[in-house]
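**Student:** The residues making up each chain are set out below.
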Amino acid sequence: MSSVRQVLAAGLDALNRPRPSAWHRNPHGSEFAWAIAFVVPYAAVFFAFVVYPTASALWMARDPALYRELIASPLYAQTVVNTALFVGLGVNVKMFLALMLSGFFMRRRWWVKATLPVFMLPWALPAIPAFVSFHWMLIGEEGLVDGLLSALFGIQGPLWLNDRGLALGSNIVAYIWKWMPFWTLTFYAGRTAIPQEIYEAAAVDGATGARRFTHVVLPLLGNLYLVCTLLSTLWTIGDFTTVSLVSEGAPAYSTDVLATLGFHYAFDAARPSLGVAAVMSALPVLIPIAIILMCALQTRKVQL
Amino acid sequence: MSTITAEARLTSSRTASRALRAVRRRHHLETAGTLLLSVVLIVWTIVPIYNMVMISLEPEGDVFTDHIWPRVWSIESFWGVLTQGHWYLEHFWHQFANSIYMGAMVTILTLTIGTLTSFSIGRMRIRYGWLVSNAALLTYVIPASFLAIPFYRIMQNYGLANNLWSVIAALVAFATPYAFFVFQEYGRSIPIEVDESARIDGASPIQIYLRIYLPLMAPALVAVGTYAMLLAWNEYLYQFLLLSSKSSMTVPPPVAIYYAFRRRMTAGLTMGGVKG
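Chains as they are written, first to last, in the working numbering: chain A, -2 to 301; chain B, 124 to 399.
Bear in mind the hints are in silico, worked out from the structure with no lab data behind them. We treat Cβ as the ideally placed atom computed from N, Cα and C, and that holds for glycine. Some clues are possibly wrong.
[What the hints assert, rightly or not] Which residues of chain B face chain A? A partial, calculated answer using Cβ under 10 Å: (1) L164; (2) V176; (3) R322; (4) L360.
Please construct the entire structure, taking both the sequences and the accompanying hints into account.
**Tutor:** Following this line, the structure appears as structure tokens:
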């Protein structure tokens, strides 16, 4: 495996070499004014639409009594469990399948190449009609899923959205359907970026098939996989669309996640502060994930 | 002697044919396996899309589909949408235009703000520039949907309630950190000497930005532009929350543009990954 390591080390050295600026050291005078002017638009957007709303959210949710009320509420406890299941199962199953499928799409058969554009469709479709379609597919005996079950196997299908477990599962499946293509494409791009010489060197050293996967692909894609999983976890904890359109929180708010519960509190129960407190209670999970993500990004081996 | 050689030759040819048969069997297995997986993936992808198309082709009042084919094929629904023939759809074309406008604005603003900032940080090396790009990443610590409630209040303070620009502003704020990331990674592949020689020839920073930086960044611009547009199309909560009057609502537009850009988009993603 030493040949592989040499190739890798050379590549990383080239990456880490410091690069000089055209404006030796830092820009001065009118050029400095330009450099500042170029940053101003983003700074304005950042303060007006990121810092101010965040500060406002923290201010709205500052009262400890709100959190006592949340902890006492069985609905909140159930929602936390739902969110953990939705994120834990949804993200990990999706990322693992995406990693495996990216390997499948590397195969040079024409039918594999023809499948890729079809497989990418869910990503290209807007989320709203896609999730509404899932909702209609699952509503009771008239939906397509139960229609197919009775037409093909003569089974009477369950009422998918009337059972907490089934409805939760439906949300997760719809979520995986929509977002797996994007991550498959990301891992596919990562795999194509591995130089062919590395595979050849590994093959000479006797690593093919499963051993190639564990000894070559995994070490090279490991950091990319970690970063993508963390990023996807951050995005999924805040996912509102899937649950609000597929199960609509049914039956009786029992499949709500934090984002939809916060929304119900704020706009249906007219208690915006309680809604903000409900979503802000995810911060102890979000902040460590974000810190690990930043550390992983600093290692400079990752590309999206 | 000759019999021994002949025997050896026979055995070796037997081994070879056995090995060949094993290779061929593995080849057939691979063919069968990849074919099967392709079919499974296509069915998995198509079923919800098929359902969506079928519902739109059903005659009105027959939304629930206990049968697998529509009894009567009807383009009545599409006609109704296009002619705004239902009270719920009376602003369809207006809303469609809103969607296009919003997608375009989010894309243009994300690209403009993203490249300007990346140029200043990555090429001009402004002091404390790293602070800006790290602060930008903080945007992802709190998911956008968690800020929806304060956003709703703030937009009223800004006088942007029920205004398309409230959604555009929110989406640009959430799309730019990813844009910085891609632009800075891609920018590393453009030699700084290009900027240097332009500067010696007397080009001002804005000229270098417009004439050198932007053209060289084209593949990254396509990748980020597609990302921003798809973000705008997939957004639901902010549009649902911030736009309540019918004339400012949007509808999700078609997917044709994605297919036009798909090849370049994949190329852009791959280019970001050259250093793997």
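**Student:** All hints, please: hold or fail.
**Tutor:** Do the hints match the structure? See the list:
no., hint, verdict
1, L164, "5 Å, holds"
2, V176, "9 Å, holds"
3, R322, "6 Å, holds"
4, L360, "5 Å, holds"
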